[in-house]
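Novice: Heads up: the sequence lines are chains A and B, in that order. Residues in the first sequence are numbered consecutively from 0, following numbering that gives the first Met the number 0. Residues in the second sequence are numbered consecutively from 0, following numbering that gives the first Met the number 0.
Treat the hints as calculated values from the structure; they're not laboratory data. None of these values were measured; they are calculated from a predicted model. Here a beta-carbon is modelled for each residue, glycine too, at the ideal position from N, C-alpha and C. Check each hint, because a few of them may be wrong.
What the hints assert, rightly or not - Okay, the calculated beta carbon distance ranges per label pair:
1) A/Asn64 x B/Thr108: 21 to 27 Å
2) A/Asp62 x B/Thr108: 54 to 60 Å
3) B/Ile35 x A/Phe12: 21 to 27 Å
To be verified - Below, simulated DSS-like cross-link-like pairs (lysine-lysine); rule was C-alpha separation at most 25 Å, straight line:
4) A/Lys34 x B/Lys104
5) B/Lys57 x B/Lys162
6) B/Lys167 x B/Lys57
7) A/Lys33 x B/Lys10
8) B/Lys10 x A/Lys34
9) B/Lys104 x B/Lys10
10) A/Lys33 x B/Lys104
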Amino acid sequence: MTQIISLFYLILFLCISATGLFISYHVLRYSQSKKSAVATMVLFSSVFVLLLITNAALFFRVDWNSLLNNSSSLGKTSYNSPY
Amino acid sequence: MNLAQIRFPGKHDEETIIAVYHRHWFDIFTSLLLPILLTVILIGAFVTLPFAAPVMFKGGNGAFFAFLENSFLLFLWVYIFLVWIGDYFDVWIVTNERIVNIEQKDLFTRRVSELRYSRIQDVTSEVTGVIPSILNYGDVSVQTAGELEHFLFHNVPDPTSIKDLVMKLADRRHGTDMDDAMPAA
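Same shape as in the complex, but just chain B (with noise of 0.2 Å):
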């Protein structure tokens, strides 16, 4: 993905973007699973049903039950599309200046927020079950400095290398702010 074509609200006109990260692919397959699964046993249904029970296809009960078998599978695929929409439009962007999340939980529900590298105090990655180990994916919470809520990067890929891209973030960013600090030799 090329990085200096993407956008997101509020982006400054000189800010660069460093990464950007999504839900691990398999995180968002597991939601999607039970719709997949249930849109393969329609699609079976469909083609073995008409030689399994030709009785419930005869007269006009054919077109009724293609007519059901359709409207199920147009729910489906809007219903794959809404999960697909809450965990791929779930977005950690990394700049150059701070962190923004764009936490998308339904259609209607989106909230960003964005956490500066000055406010940043500690940084934790943790990989949790067979799975996400084997994958390579987990959380990365970042503690903040005063009373706000942790930031939290929930399920992304490898994220120690996210936790190591932060720490050295914040490290020059504090190390840019103590130069400043400092009195002029």
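So that you can see chain A by itself, here it is in the shape it has in the complex (with noise of 0.2 Å):
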């Protein structure tokens, strides 16, 4: 199950790194000027790469075995509970 959620997340990853990188060519490519082309590329790129690190920071700290066991125990207690 790991595996998969580890697979999902890596064809999210690519996704939204492509989104990022299309999004930085049209600003570079289609701004009027070479100024507001910069400055729109360095906001951009500084805060999508910041979050970009640190959500994979962060998927990697989770413990998916652990949390996918705790929400499948949660719900055959939930189940078993009236009897």
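Two chains, two separate frames, one set of hints: put the complex together.
Specialist: See the structure below:
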């Protein structure tokens, strides 16, 4: 199950990275002046990279096995409790 | 903004840019209002939830909720820029030769159209609504000769002055054409 979550996260990570690259390309290619293109790029990419790195770090900090076990045992308890 | 530094596709060497118009800031702001509100709510939740519901953050749950909040912030940041690109990159460039409209619908849809002054027949400005009236922004519609659809400056600031400028440039062009058509005395 953890492997499926990791694979799903990898796909999401690649998609969001690609979107970030497309946004950067548009800002650099289609801005009317170089000055505004650079300012927008610095703002976007600095926050984007920071969020992306912290997101990956937080993903690997989560103990998915215990989280999934907890949620599945919670389901069993609520099902069994009336008996 | 220095008009000489502005670049756009298909600009002629001798072409002079007279004015560049983007959508009014309030129009862009209304598009960004929802993601900005969601960002504020997320940051608020990030700050207050550990105090309001500490049980949720016990053990491994804390890292999971931090990951969720970070993911939402990341998506919102990307979404804000996608909306901003769609709105701010809609631009109308008035030059001494023509009007160029660059319309950015999303990341992969971009339309560039141009209108020569000789084709202009009629220009109308329209301000509709309370906030547009207070902030003075609205549409400028340019009717053209022939079957071509009308050319629209959408939600631009001070539409009346844009209408006057376009009319002045069109009149000047028509005057030049008339002078060219007149036989030399």
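Novice: Now, for every hint given, state plainly whether the structure supports it.
Specialist: Hints, one by one, checked against the model:
In this structure the supplied range 21 to 27 Å is violated for asparagine 64 of chain A paired with threonine 108 of chain B, their Cβ-Cβ distance being about 44 Å. Look at aspartate 62 of chain A against threonine 108 of chain B: about 43 Å separates their beta carbons, and that is not inside 54 to 60 Å. At roughly 25 Å, the beta carbons of isoleucine 35 of chain B and phenylalanine 12 of chain A sit within the given window of 21 to 27 Å. The suggested pairing of lysine 34 of chain A with lysine 104 of chain B holds, with an alpha-carbon distance near 23 Å, which does not exceed 25 Å.
Our distance criterion of 25 Å between C-alpha atoms is broken by lysine 57 of chain B and lysine 162 of chain B, whose separation comes to about 63 Å. For the given pair, lysine 167 of chain B sits about 69 Å from lysine 57 of chain B by alpha-carbon distance, which is inconsistent with the 25 Å threshold. For the hint linking lysine 33 of chain A to lysine 10 of chain B, the alpha-carbon distance of about 16 Å falls within 25 Å, and the restraint holds. The suggested pairing of lysine 10 of chain B with lysine 34 of chain A holds, with an alpha-carbon distance near 19 Å, which does not exceed 25 Å.
Restraint check for lysine 104 of chain B and lysine 10 of chain B: satisfied, since their Cα atoms lie roughly 22 Å apart, inside the 25 Å limit. The straight-line distance between the Cα atoms of lysine 33 of chain A and lysine 104 of chain B is roughly 22 Å, inside the 25 Å bound, and the hint therefore holds.
The structure fails hints 1, 2, 5, 6 (numbered hints given earlier, in ascending order).
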